[in-house]
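Count the sequence shown with mature numbering (1 follows the signal peptide of the UniProt record, and there is no 0) and you get residues -22 to -1, 1 to 277, in order.
Just to be clear, a hint being listed does not mean it is correct.
[Claimed, not checked] Label pairs and their in silico Cβ distance ranges:
(1) Asp135 with Gly161: 38 to 44 Å
(2) Ala134 with Asn77: 17 to 23 Å
(3) Glu212 with Pro45: 50 to 56 Å
(4) Glu157 with Glu69: 37 to 43 Å
Rather than coming from a laboratory, the hints here were simulated on the basis of the structure. By construction, the Cβ of each residue, glycine as well, lies at the ideal position given by its N, Cα and C atoms.
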Amino acid sequence: MRKYIPLLLALCLLLCGCSAGAEEGEISIVATDFPCYDLARQVMGGGEGLTLLIRPGMDSHSYEPTPADARAVYEADALIYIGGASDGWVEEMLAEAGNVTAVRLMDSVEALEEEHDGHDHEDISYDEHIWTSPVNMRAMLESVTDTLCAISPENADTYRANAAAYDAQLAELDATFRELVAGAERTELIFADRFPFLYFAREYGLTYISAFAGCSDEVQPSVQAVASIIDAVEQEGMPVVYVIEMSTQDVARAVAEQTGAEIVEMHSCQSVTGEEFAAGETYLSLMTRNVEALRKGLY
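Please put together the full structure from these sequences, using the hints given.
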């Protein structure tokens, strides 16, 4: 699909003529995935003028832009994206899009190298799930706020006030996780699933075992990985095994049947279902749900 991105943009140029951008006085922002969208939504005070490319229920790791998506990017004042391996298509699209302001949020934080279960990898790759740490979200919030204020200076006071209020909420969430971990009986998480929580685990001093390294595109984990999870649950008396949102839970069910552990979801916030989006779920609401999920595993 990526080789067609220049063609998509050329088609959009023909469709749009010479008048790109929003109407006078309006601001048009495109966000690639839910964390980017929610940051912009909090700063802007709502979703007016804001487009989410990777729509609810879609897998960001396999997303491919449509002509309508390309047109949305071309017409936008700014594109907000993470900038990890899943966003390779974004760089190609931006090269063709012209004057769109790009906000690459991985530039706002210290990126961590992906962990690969002991296998040697010649090329260094960085984990893209930076938003799972509320501390990182606060840094990303600053980048988004600065960009939106530069694009729409007449709204800068409102944007900065919204951002300050949201930053306080993120700080409170961070403090809640720190307090929870400080009083915990254990500090290890068992994921019978993919593991997009590297930044979260590092931030709060947690260790983990997972069926897959990161968000691997492998269909099935190795027999050794599943055996390690079962052994860890049985030996440590772990009360729960974790899964992420929209998971098949196949591995988790096998582990639960063997060990009696409860299956508990921790939401990575990378994407939401259509029902969650319609219900108005936010990063804060989903991560607050994770507080209780974490409590079940650590106490």
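Verification of the supplied hints:
1. Asp135 with Gly161: 38 to 44 Å: holds (40 Å)
2. Ala134 with Asn77: 17 to 23 Å: holds (21 Å)
3. Glu212 with Pro45: 50 to 56 Å: With a Cβ separation near 52 Å, glutamate 212 and proline 45 satisfy 50 to 56 Å, so the hint holds.
4. Glu157 with Glu69: 37 to 43 Å: holds (40 Å)
Consistency with the previously given hints is maintained throughout, with no hint failing.
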